[in-house]
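Asker: Using the hints, put the two standalone chains together into the complex.
Chains as they are written, first to last, in the numbering used here: chain P, 5 to 113; chain L, 650 to 765.
In short, the hints are calculated from the structure, not lab data.
Any given hint might turn out to be false.
What the hints assert, rightly or not - Taking lysine-lysine pairs in the DSS-like style, the calculated list, with each CA pair at most 27 Å apart, reads: (1) P/Lys30 x P/Lys60; (2) L/Lys727 x L/Lys706; (3) L/Lys706 x L/Lys732; (4) P/Lys74 x P/Lys30; (5) P/Lys30 x L/Lys732; (6) P/Lys73 x P/Lys60; (7) P/Lys30 x L/Lys727; (8) L/Lys691 x L/Lys727; (9) L/Lys691 x P/Lys74; (10) P/Lys60 x L/Lys691; (11) P/Lys73 x L/Lys691; (12) L/Lys706 x L/Lys691; (13) P/Lys74 x P/Lys60; (14) P/Lys73 x P/Lys30; (15) P/Lys74 x L/Lys706; (16) L/Lys691 x L/Lys732.
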Amino acid sequence: SQQGEEDPQALSIQEGENATMNCSYKTSINNLQWYRQNSGRGLVHLILIRSNEREKHSGRLRVTLDTSKKSSSLLITASRAADTASYFCATDVDYKLSFGAGTTVTVRA
Amino acid sequence: EPEVTQTPSHQVTQMGQEVILRCVPISNHLYFYWYRQILGQKVEFLVSFYNNEISEKSEIFDDQFSVERPDGSNFTLKIRSTKLEDSAMYFCASSAASGLIQETQYFGPGTRLLVL
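Pulled out of the complex, with its shape left as it was, chain L reads as follows (with noise of 0.2 Å):
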């Protein structure tokens, strides 16, 4: 059955420092996703991402964060300047999204990103 998959599992960095949290979607869906759920809290949206651009975003995601998709199968994640509240587990999710019909969001096994 297809997956979502994310690399690393765990990252740890320094504050300050540039991370780049990567997911491959499964391979026929359009609609992209990063969640993040800090330890012990809920899981909170952060973007979602179509047609090569961002579709929405939430107020978590400020001008610290970028995604992209650089190619036809990577959707990346990028924290320019990490800070110690950013220490959480970043999913992806992906999901068909045809026309109106709502479609199921698959998400990935997480990166658990630790800022030190």
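Okay, chain P solo, but in the shape it has when bound (with noise of 0.2 Å):
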């Protein structure tokens, strides 16, 4: 399977915080997209990394990827009350994403 897997499975901070959280997968992709789904509710796409990609930004959100490694994280600067989420990555094989159990985090007021 080329799931990806998220590593911690939650994760607590404190407002201002970083979170960090990991992904690791099994197979080659074409990219690896990571997506935030808040309680109950959709799939919002946060960024999507090629496989020929290392390191990318949006706003206060990094991404890198380590294809020699399988792996990627997603670095949250600075978290807010609502970063308060479930997080998933995805790897894309072929248009279809294999999704990870996510990464739940809670941001502290």
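Answerer: As structure tokens, then:
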């Protein structure tokens, strides 16, 4: 399976702190995408990193990709209460996304 | 900003009944997808659709499932005879996918299906 698997499963941080979560996968990919899901709601796309890219930034988000280790990380800097959500990595092989189980992030005010 | 929309937001049905879940993908997108998420579990790929035909489907997408693009805007998922285990959140997604460029998949808000 080429599913992404996130680590840790859950993360609790204080507002203003950084949150880092990791994703590992098993096979070659076209790209890797990170999504956010608020409880019981839809998936919001955060960032896409292509297999030939190593790092990408979008606002307070920083994503890295290491294809040799088959891993990616998502860093959220200066977290806010509104960042409380589940975060999923999804590996894209032939336009079919495989999702991991997600990291649940709780940002305490 | 363009977005994927889905109707209904919630659907309750009796086991054995047919349901049709509707999606309006982003207008200039070429690829369309259905995923589902059973409560507490991972999001799972069901099917992808391009150029008016299924391009790929998962093991979950058996003969009880079908997809259709009945007009230029809607994309539907039909479950012919629902089972209890079909209860899940169903997400539609679309992407532009031009040539070899990998593109972001944009997801709709989902339809929560409950089969009783």
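Asker: Give a verdict on every hint.
Answerer: Here is what the structure says about each hint:
1. P/Lys30 x P/Lys60: Holds. P/Lys30 to P/Lys60 sits at ~21 Å (cutoff 27 Å).
2. L/Lys727 x L/Lys706: holds (14 Å)
3. L/Lys706 x L/Lys732: Answer holds: L/Lys706 to L/Lys732 is near 19 Å, not above 27 Å.
4. P/Lys74 x P/Lys30: Holds, at about 7 Å.
5. P/Lys30 x L/Lys732: violated (32 Å)
6. P/Lys73 x P/Lys60: holds (17 Å)
7. P/Lys30 x L/Lys727: Roughly 32 Å between the alpha carbons, so the hint for P/Lys30 and L/Lys727 is violated.
8. L/Lys691 x L/Lys727: holds (21 Å)
9. L/Lys691 x P/Lys74: holds (20 Å)
10. P/Lys60 x L/Lys691: holds (25 Å)
11. P/Lys73 x L/Lys691: holds (23 Å)
12. L/Lys706 x L/Lys691: holds (17 Å)
13. P/Lys74 x P/Lys60: Between P/Lys74 and P/Lys60 the Cα gap is close to 16 Å, so the pair holds against 27 Å.
14. P/Lys73 x P/Lys30: Roughly 9 Å between the alpha carbons, so the hint for P/Lys73 and P/Lys30 holds.
15. P/Lys74 x L/Lys706: holds (25 Å)
16. L/Lys691 x L/Lys732: holds (19 Å)
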